[in-house]
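Peer 1: First to last, the sequence lines map onto chains A and B.
Residues 0 to 271 in numbering that gives the first Met the number 0 are what the first sequence lists, from first letter to last.
Residues 0 to 123 in numbering that gives the first Met the number 0 are what the second sequence lists, from first letter to last.
It is possible that some hints are incorrect.
[To be verified] Where chain B lies over chain A, by a calculated footprint (3+ residues, C-beta under 8 Å):
no.: 1; stretch: 82-94
no.: 2; stretch: 213-224
[Claimed, not checked] What follows is a list of derived Cβ distance ranges for each label pair:
no.: 3; chain 1: B; residue 1: Lys76; chain 2: A; residue 2: Glu148; range: 28 to 38 Å
no.: 4; chain 1: B; residue 1: Asp93; chain 2: A; residue 2: Arg78; range: 47 to 57 Å
no.: 5; chain 1: A; residue 1: Phe91; chain 2: B; residue 2: Asp93; range: 37 to 47 Å
no.: 6; chain 1: B; residue 1: Ser71; chain 2: A; residue 2: Arg82; range: 25 to 35 Å
no.: 7; chain 1: B; residue 1: Arg112; chain 2: A; residue 2: Gly183; range: 46 to 56 Å
no.: 8; chain 1: A; residue 1: Gly240; chain 2: B; residue 2: Lys118; range: 32 to 42 Å
no.: 9; chain 1: B; residue 1: Glu90; chain 2: A; residue 2: Pro175; range: 55 to 65 Å
no.: 10; chain 1: A; residue 1: Pro175; chain 2: B; residue 2: Lys76; range: 20 to 30 Å
no.: 11; chain 1: B; residue 1: Asp93; chain 2: A; residue 2: Lys209; range: 45 to 55 Å
no.: 12; chain 1: A; residue 1: Glu93; chain 2: B; residue 2: Ala74; range: 44 to 54 Å
no.: 13; chain 1: A; residue 1: Asp162; chain 2: B; residue 2: Lys64; range: 50 to 60 Å
no.: 14; chain 1: B; residue 1: Lys64; chain 2: A; residue 2: Gln254; range: 55 to 65 Å
no.: 15; chain 1: B; residue 1: Lys118; chain 2: A; residue 2: Glu123; range: 30 to 40 Å
Think of the hints as simulated: they come from the structure by calculation, not from any bench.
All values reported here derive from a predicted model rather than from experimental measurement.
Don't be surprised by glycine CBs; every beta carbon is placed ideally from N, CA and C.
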Amino acid sequence: MNGGRSSVFARGEEFLRLFKRGAEFTQDLLTENERLRRRLADLEARQESAARTPHDWNKLRQELSNRIECLEEQYRSVRERLRDVEDENQSFAERYVEVEEENNALANLYVASYQLHSTLDIAEVLKIIIEIVINLIGAEVFAIHLLEEGTQRLEAVVAEGLDLSAFPVHQLGSGPLGSAVARGETKCWEATATGDLDRPLVCIPLVVQKRPIGAIAIHRLLPQKQAFSPLDHELFTMLGGHAATAIVAARLYSQSKRKLNTIQGFIDLLAR
Amino acid sequence: MAKRRILIVEDSPTMRQLLVFALSPLKDVDIVEAEDGMDGLRKVSSDSFDLALIDVNMPIMDGLKLISLMRSEDALKEIPIVVITTEGSKEDRDRALQLGADEYLTKPIHTNRVLAVAKALLKG
């Protein structure tokens, strides 16, 4: 009997606890509902105050327009700066190519003049001129003519591409080569060979102190060489002066050496 | 890093000097010069090289013969070879490449082109 009563009492307790928790939960829901109601009211109030009148709308529109203009201006400025940088970049690239070309030209000119003045042997000098004309200019058929002072004839002394005897003798002052040498002017007619050995593609007079001593006549270029470059013209000018000086220096050295040997021989004879 | 070695086989002193000048911007490189094919073969056989620049028309032994000898030797066949020559025809180019040359440059050379080719082959 007592056991049945305590069981009913326990169930009553349990029910009471559940009821209390239900009441608390209901209270929480009511509180949250109230909070959300207030938040909604607040948002509605703020929305109304943001653009309550046409004036507000205009003001907002103006602000946005100003902002867009400002951004567009920044965009234009960035585009302009980008264009400037691109132009600058292009200019640097062009300058780089120019510097490379200049570097190449200087290397060629330096090596050519260095080699020309590296010896006092006339045969060596002529060999070096040939090397320069083949390797640096790209000529296939050419000859070096030297002036015979007595006869004023320009005779080929070394040649490349054809037998030496094939090259005609030119008279100073007559014909394309003779006239160019007499005037001391480098003449560059064309880059395509005519096959006529009286009419070279290029004539480079060899001149020392305005006195012609010979010429380099180029008659044909290597197949891969289609035209003359600015460097070729610089090499023509360099050869005209430096090759001539090298030839004259080698000749003088050879003459003085010969004379020295003769004098030495004479002295030795007297000393005996 | 060990120094890389480049062999220039060219009979013209003018061209050798120009090639040395062209390669001078390369760092940590030793350049050895040979005056003809035979001299080149002697030098390439007695030392190790990372690149060889070889002319075709040379006395004693021409460049093509040197290339074929190098390509037939186990110790030398991996060395990259650049041919530098006046011979500009397609047949000459094809022949050199067929023999085992890696690049074919015709004279007159542009120093920057030589440098670019050398850099590329040294990297590879």
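Peer 1: With reference to the structure, classify each hint as holding or not holding.
Peer 2: Hints and how they fare:
1. 82-94: violated (count 0)
2. 213-224: holds (count 4)
3. B:Lys76 with A:Glu148: 28 to 38 Å: Once the Cβ atoms are compared, 58 Å apart, the range 28 to 38 Å for Glu148 (chain A) and Lys76 (chain B) is violated.
4. B:Asp93 with A:Arg78: 47 to 57 Å: At 51 Å between Cβs, range holds.
5. A:Phe91 with B:Asp93: 37 to 47 Å: holds, 39 Å
6. B:Ser71 with A:Arg82: 25 to 35 Å: violated, 58 Å
7. B:Arg112 with A:Gly183: 46 to 56 Å: About 35 Å separates the Cβ atoms of Arg112 (chain B) and Gly183 (chain A), which means 46 to 56 Å is violated.
8. A:Gly240 with B:Lys118: 32 to 42 Å: With a Cβ separation near 35 Å, Gly240 (chain A) and Lys118 (chain B) satisfy 32 to 42 Å, so the hint holds.
9. B:Glu90 with A:Pro175: 55 to 65 Å: For Pro175 (chain A) against Glu90 (chain B), whose Cβ atoms are near 35 Å apart, the range 55 to 65 Å is violated.
10. A:Pro175 with B:Lys76: 20 to 30 Å: Check failed, 52 Å falls outside 20 to 30 Å.
11. B:Asp93 with A:Lys209: 45 to 55 Å: holds, 50 Å
12. A:Glu93 with B:Ala74: 44 to 54 Å: Check passed, 46 Å falls within 44 to 54 Å.
13. A:Asp162 with B:Lys64: 50 to 60 Å: violated, 27 Å
14. B:Lys64 with A:Gln254: 55 to 65 Å: This hint is violated: roughly 42 Å between Cβ atoms.
15. B:Lys118 with A:Glu123: 30 to 40 Å: holds, 34 Å
Hints 1, 3, 6, 7, 9, 10, 13 and 14 from the list above are not met by this structure, while the remaining hints are.
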